[in-house]
Amino acid sequence: MTFIVKPKLHHPDLHKNALGFTRRDYEGTISTLCAGCGHDSISAAIVRACFEMDLPPHRIAKLSGIGCSSKTPTYFLGASHGFNSVHGRMPSVLTGANLANRDLIYLGVSGDGDSASIGIGQFAHAMRRGVNMVYIVENNGVYGLTKGQFSATSDKGAKSKRGVINSSEPVDLVAMALLLGATFVARSFSGDKAQLVPLIEAALKHEGAAFIDCISPCVAFNNHEGSTKSLDYVREHNHAVGTLDVIAHPQGAPEHDSARVQLITQPDGSVLRLSKLDSDYDIHDRTAAMHHIESRRALGEIVTGLLYVDPAPEDLHAQLHTTDKPLNSLDESVLCPGSAALAKINASFR
Amino acid sequence: MDPTNVQNPDYFHKVVDCQWACPAHTPVPEYIRLIAAGRHADAYMINWKSNVFPGILGRTCDRPCEPACRRGRVEEEPVAICRLKRVAADMKGDVGNLMPKAASVRNGKKVALVGAGPSAMTVARDLAPLGYHVVVYDGDTRAGGMIRTQIPKFRLPEEVIDEEVGYITALGPDMRLGQRVDSLKQLLAEDYDAIFVGTGAPRGRDLHIPGRSEAAESIHIGIDWLSSVSFGHITKVGRRVIVLGGGNTAMDCCRSARRLGGEDVKVIVRSGFEEMKASPWEKEDAIGEDIPILNFLVPKEFKHHNGRLYGMTFEKVKAEYDSRGRRNLVPTGEPEQFFECDDVLVAVGQENAFPWIERDIGLDFDKWGLPVLDETTFQSTNPRVFFGGDAAFGPKNIIWAVAHGHQAAISIHQFCQGLDLKDRPAPVVDVVSQRMGIHEWSYDNSPSLDLRFKVPHREKTAALKDIKAEVELGFDFKQAVAEAHRCLNCDVQTVFTEPACIECDACVDICPVDCLTFTDNGTEDDLRSRLSAPATTLDQALYVSAPLKTGRILAKDEDVCLHCGLCAERCPTGAWDMQRMIINVAQAERVCCSK
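Residue numbers (numbering that gives the first Met the number 0), protein chains in the order written: chain B, 0 to 349; chain C, 0 to 594.
By construction, these hints were calculated from the structure, which means they are not laboratory data.
Treat the hints with care, as some may be off.
What the hints assert, rightly or not - Computed footprint of chain B on chain C, listed as stretches where at least three residues anywhere in the stretch have a Cβ under 8 Å from a Cβ of chain B:
(1) 89 to 97
(2) 102 to 110
(3) 532 to 545
(4) 561 to 573
What the hints assert, rightly or not - Reference excerpt, derived from the structure (chain B facing chain C, CB under 8 Å, subset only):
(5) 7
(6) 9
(7) 11
(8) 35
(9) 43
(10) 293
(11) 348
Glycine is no exception: its CB is placed at the ideal position from the N, C-alpha and C atoms.
The following block holds chain C by itself, in its conformation from the complex (with noise of 0.2 Å):
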C-alpha cells in the first residue's frame, strides 16, 4: 500500500467516526470534552455552530452518530452523543453574548427562504450575519417547520424550539408568518437574488383499501393529526387506536394518543419489527408506555357500521427474500385478523407536494415529483433556486435538513457574489499536539469502563396524564461528566513521523486493542489478513508508514483504536504523537464558523 497521506483532512475527519457520520459534520469529541470540563456554555456554541438545534436536536436527533460511535466496536453500547447534547443545551445558562450580531449593514442582497423548518432557518442563520437581506415565509403563524408541528411536546418542549428560532430571529431575517408563498412564479418575479425553497415534505401518504372513504371521520393522516394536537385543534381520542407505519411518526401518534385517552392503542406494521424505519429507541419507548407492535400485518379493510369504524382486518404475511436479497412480502394463507378500533392513525409516510411551483419556469422535476437539483449546490435547474432539507431529496431527518441548508447557503452567497458555485470552501482545520509532559496530556486519556448510563424518565403515570410533560429529564450534572469520559477523544489523533521511529516494538507491545503492526508491505486485502489482529471492518482505513530503517512498514487499524495515547506514551523518540485535530466543517464566509 502507499503511505496514507494524513495531509489529506478527510482522513482524520474519518477517524472521528461520529463527526464523519453526523450530517452537519459537527465535532462531537471536542463538545464532550467541555461537557465533562463542566464548560457547557462552550459546548454549547460548538454544536450551535455546526447543527444550529442543539437543543431541539439532543431531544430528537435521528443520531447517525451513535451507530458510527467507536465506543460501539469495543464495548456493547455507544456513548449517549445525542443526550449529551441536551445537557450543554440545558445546563449553558444565559448565551446570548456569544451569539453573532445581526448585520449592521446591509449587503445589498436580498434572499427569500420559503418555509420556516430547520433548514431555511440554518440558511437564514448563516446568510444574515454577512448582510443578506432574508425575508422567510411560512403559512403557519410562528416560525419551526414540522420541529413545532409534528413532533410532539412530551419529547420536545415548546420553549426550547422558541429559544432555538429566537436565537435565528435576532438576527434580522424578515419573518413574513402566516403568508404562505402560493405561485413561486410571482415570488421571481419580485426582486429576491436567489430564493430557497424548505418547504418540507408535507403530505401525508393516504391508505386507499375499502372503508376509508366511509369511515374517514376516524381515520386521520399522521402528521395532521400531530400537526392539530400541536396546535390544541384535537384534544382526545378514542379508547381504542390502531396506528398504522412503522416509522418515527408512527411512535409520536401512538405516543400522542396514549395521552389523549387512548387506553388500548396498538401499533401495526406491515414489515418485520426488526425492519421498522423508527429508530429502537423510540420503539423502545413506546414500548415502555404499553403499546404492542404487531407485524407482518397488512391492512385490507376499515370495518364499519353505516360510517362508524369498529375495527380493521389485516392479512399475515412473512418476509421472503430473492437472489437479489430484495424482501417480498408474502401471504402466510392464515385466515384475515381482525382488530377492534375507534380510530386509526395512518402514519405510512410521507410524500413531497409543489402544487405552488408553476411548471413552466425553467424548474425541472424528476418523475418521483421532487426537484432536479445538483447534489452538491443543491441548484435547480432554475439558477436563482435552491432547495434543501426534505424538500430537496425526500423525507429525511432535522440534522440532515441542517446540512443541506448549511450547503445551501454556500452556494447562495456563491451565487450572489458571482463566485463559482463548485468552489467549495474548504473545511477549517486545527491541528495541536496534545502533550503536555513525558507522560501527560492535555486531555484525559483513560477511557472510563462504565457502561451508557440511561437517560431518567419522567413516572409513566404522570408522563401519561400530560401531553405536554416533557417525558425524558435529561442527564443530571454528575450523570452527564460520567458519561461524557466514556467519549473515547477519536479526534485526539494518533500521528505517526516515519524517521524517528527505532522500531523498538514498544507501541506494538503495549496498544490495548492490538491494532499496530511492523510488517513488510503488501496490497491492503494481503496487509489486512496478517497484521496483529485481523482488520476486518473494512469500511476503517489502515493508517501505513512510509517504508521504515529495516524496510518494513507500520501498519495502524483504525477500527478499534482507543485514543489512550499509550503508543505514543511508550515512544521513545516521540515518533508517536497525539494531535488533536479539529475539524470545522466551512459553511458560508466565516461568520458562524470562525473560531
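One chain only, chain B, in its complex shape (with noise of 0.2 Å):
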C-alpha cells in the first residue's frame, strides 16, 4: 500500500476543460489496491472520461457493492456522491437514488463477485428495467479479497494460480446483459485505455441501462501462465469489434453510415462514430451481437468494443411515468397533495 499522498505538484502544461479543471480534479485519494491492479487503469479511465466530457463532479453518483472492485470509487471523483452499498446490493441502491433523483450522473462499478454471484439477480433486474446509469463490472475472475479463489465468471479450463483447473462453466455478463435487454452493451479490457475511455464516454451519455464488462487482470492472483484473464492472454485473444470515437460537438457536413462507419446520434446531438474492422457487424442489431459473441467464443477470442446499443432507448423513469423532476425539488405541496388528492385515488380503486 502507498502511504504517501499523491503530490499536488502537475506537470506545468496541465490542461483545464471547460469548467476549468484540470484532470487532476477528478482524481480521488491514492489507491490501497495491489500494485499493478487492473482496477486502477479503469479508474484512470473513468477520471479521464469525465475529465474530457467537462462533467461537473458533483452532479456524479458513484454506486458499488463489496470487493476490490467496489473500493475503487474511493479512488475517482473524489469530489462527487459516493455509496458503498451491501455486498451485491449497488443495482437496487442506485435503482432507488436514480428514481429519488434523476438529474444525477450515476455510475455503478462492480466486480466479478458483486455482479455474477451474490448479486446476480440485482445485476439482471437493473439491466431489465432500464436504469439509466453507466454499469461498470471490473471482471477479473477471481476472489482477490480471499486470495484468488475462481469467481462466476472464471473460463472453464482456466488454471489457478495454485494449479488448479476451473471445471465450471463462466456466467458472460455481456451475454446475459444483451438477453435481459440492456441497451448500450460494451466489453473492454483495463489494459486499452485508447478503447475504454470513448466506451466509457459514449456509455455516460447514454439514457439508459448501459453495460460496460471490462477485463481487468488481477496481477496478485490471475495473472499467470493458463489464466484465461491475464494481461497476456486478453493481449493474444482480443477480438475488437472496431474503434470508437466519441463526437461531442460535431462539426462540417454530417457524415452518413457507410459500410465500415456506423454513426449513432445522441440525444444530446453528439455522435458516436464507431469504425468497424468488420463491415457485417451491425451495432443495433441484438441478435447479432449476440451470435458474433458466441461464435468468436468458440474460437477462443474476446470479443471487445461497442457490440451492441439501442438507438431509442427507454429508461425506467419513461416506463413508469415518473415526475420528470428530482423529488429534492418539489415542494410539499406537489409531494403531498391533500386529503382530496388521495381520497380521488383511493375512489380510482373502488
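Can you join these two chains into the complex? Each is in its own frame, and there are hints to help.
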C-alpha cells in the first residue's frame, strides 16, 4: 500500500476543461489496491472520461458493492457523491437513488463476485428495468480479497495460481446483459485505455442501462500462465469489433453510415462514430451481437468494443411515467397533494 | 529512438540538474538530505570535497544550480541550494578531524602556484595531500585573492575566509605571501616541475570620456576601490554617488557606498535592467537598500569645476535588435540627462593583465590577450605552465575558478607523473537501490509543497551602519530543514528494467506529472509530440526503453519528474526501481573525493 499522498505538484502544461478543472481535480485518494491492479487503470479511465466530458463532479453519483472493484470509487472523483452498499446490492440502491433524483449521473461500479455471484439477481433486474446508469463490472475472474479463488466469470479450463483447473462454466455478463435488455452493451480491457475511455464516455451519454464488462487482470492472483484473464492472454485473444470515437460537437457536413462506419446520434446531439473492422457487424442488431460473441468465443477469442446500442432507449422513468423533476426539488404541496387527492386515488380503486 | 544507455554516468548525472549545472559538480541533493537529517558536518564535507569553499560559496556563489533546479519547473521557485550550503557551513561544528591530513611523505615534485585566489588554492588543496611540495605566491599579505579583496564584508565575513583558507594552508603548502611574482621567466628557471597561474582578472576597465582625467580624484575603479575598502584604506565616500555598470561588482560598490556615508547612491547602466549581468538577488538587495537602478543611459561626460566633480551627463538609448538577434543601443534623441554626484565608481568590467609574463618563453597569447590553452587540461603552450580561474578564459566567478583548479590539478598530477594529460580519470559512481520495504524508501519521497523560504536579513538601519555587519543572517535549523524538504531528490533515479515490465499501466496512471507513456517507437521529435504530456523542454532527455512484449516502448520525459517513486511503488513487478546515484567527479587521485 502506498503511504504518501499523491503530490499536488503537476505538469506545468496540464490542461483545463470547459469547467476550469484539470484532470487531477477528478482524482480521488491514492489507491490501496495491489500495485499493478487493472482496477486502477479503469479508475484512471473514468477520471479521464469525466474530465474530457466536462462533467461537473458534484453531479455524479458513484455507487458500489463489496470487493476490490467496489473499493475503487474512493480512488476517483473525490468530489462526487458516493455510496458503498451491501455486497451485490449496488443495483437496487442505485435504482432507488435514480428514482429519487433523476438529474444525477449514475455510475455503478461492481466486480465479477459482486455482480455474477452474490448480486446476479440485482444485476439482472437493473438491466431489464432499464435504469439510466453506467454499470461497470471490473472483471478479473477471481476473488482477490480472499486470495484468488475462482469467481463465477472464470472460464472453464482456466488454471488458478495454485494450479487448480476450473471445472464450471463461466457466467458471461455481456451475453446476459444483451439477453436482459440492456440498451448499451460493451466489453473492454483495462490494459487498453484507447478503447476504454471512449466507451465510458459513450456509456455516460447513453440514457438507459449502459453495461460495460471490463476485463481487469488481477496482478496478484490471476496473471499467470494458464489464466484466461491475464494481461498476456487478453492481449493475445482480444478481438475488437471496431474503434469508437465520441464526437461531442459534430462539425461540418454530417457524415453518413457506410460499410465501415456506423454513426449513432445521441439525445444530446453528440455522435458516436464506430469504425468497424468487420463491415457486416450491425451495432443495432441485438441477435447478431449475441451470435457474434458466441461464435468468436467458440474460436477462443474475446470480443471487445461497443457491441450493441439501442438507438431509442427507454429508461425506467419513462416506463413508470414518473415526474421529470428530482423529488428534492418538489415542494410540499406537490409531494403531499392533500386529502382530496388521496380520496380521488382511493376512489379509483373502488 | 534507440534505447537509452543508462550505463553512461552522464545520463543520470544530467538528470540531477543542479549537480550537472555546477561547474564543480557538487552532489547537491545528497548534501541537502544530510542537512534535513541534521548531519551538517557530513553535508559540509561533501561540499568541501567538491567546491572547497562551502562557507564562502554559500554566501557568494553565482548559483548556476538554482536556475537549473527541477523544482523551478514544477513550481515557482527553485530550492535555495546556495543558502542551504551556508547552513551546512554555519552549523557543522568542528570538522578538523574530517579533513585530510598533510602528506607525511613528499613525492619529490615541486609545483609553484601564482596567486592565492580560489583557483590556486583549489590546486593547492588537491595536490598538497598527494605529497607535492606546493609553493603559493601572492602579492597580498593574506591568502584568498579576490574573495578577500573584492567581496564586501557585509556579504562575506572575514572569519569565514580565514577558516576555509586555513583548511588548505593546514595541508602544508609553502605560503609565500607578500611576494609578488614579477617574471614568469625567472620562475621557470627555478626548480619547479610545474607552474599554475591563477592570477585572476585584476584590472578594472576604465571609462575614457571627457572629464575623466580632470576629475580623477573623485572617480574610482570599482574593484580597486572595493579592495581599498576591504583593507581599510578607504573609509568614507561622498554623499552623492553614481555607480556605473550592471554587474555584481557594481552591486557591491553601491551597497558599500551606502555604508560609507553615501546617502544618495544610484546605479546607472547602459543596458536594460533585465539584461544586467548582476544576479537577480543582488539587484534585489541593492534596491532594498534604497539604491535606484537607472537603465538605458550611456555615460557622456564627467562634469567638474576645475577638477571638482559635480555630476555626470548621460545619453538616453533604447535597445534595437537586428535580424540576427544582436542588440544595438541606439540614441532615442532625447536631451542628455544630468545627475549630480560627488563620487563615481566605475564598475564596467574587468580585464586580464599579464605584464609579468614574458612573451619569449613559448607561451602564446590570443588576440584578446588571453593565454592559449587546452580547454580540457588547462595546459598552456609552454607544457610546464597551467592556467585556471579568471586568468584562464577571462572573468567568470568563484565556482568556475574552483572547477578549473580541480581540472588543472589533475593535469599537473598527470604531467608530473609522466602520464597522458588527455587520459582523465573517470567519475566515481555509486548506485544503491533505495527500497526498504514494499512501499518504503530510504529517502523522503513525498515532496513538500512549501514555497521557497526567505533568508532572514539584518534590520536595514543596523545593517547600513556597519560595513562589516553581515546582512544575511542565514536560515535557522528549522527553516533549513523545511527548505531542504523542498528538494526533489533528483539523484534518486527512476531505473527501468524492460524484461520485468508487464505493461499494466500502473506507473502511467499514478505519475503526478504525466511523464510516462507506453507508445510505439519513433524519432525523437515524433515521440516528444505524442507523449502523455508533450515534452517541449528539448534539453531534457527522454528515457526510452527497449521494445516491450507488445512491441511498444516506454518513454519517460525526464523534464518534470518529481522522483516521488510512485511509479516504483505502484509497479507490481519491480520493473521500476528508485536508485540513488551518487556521482563524484574525479579529482587529482582520490585523496579528496574518496568516500
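Structure-based check of all given hints:
| no. | hint | in the structure |
| --- | --- | --- |
| 1 | 89 to 97 | violated (count 0) |
| 2 | 102 to 110 | violated (count 0) |
| 3 | 532 to 545 | holds (count 3) |
| 4 | 561 to 573 | holds (count 8) |
| 5 | 7 | holds (6 Å) |
| 6 | 9 | holds (6 Å) |
| 7 | 11 | holds (7 Å) |
| 8 | 35 | holds (3 Å) |
| 9 | 43 | holds (4 Å) |
| 10 | 293 | violated (28 Å) |
| 11 | 348 | violated (57 Å) |
Hints 1, 2, 10, 11 from the list above are not met by this structure, while the remaining hints are.
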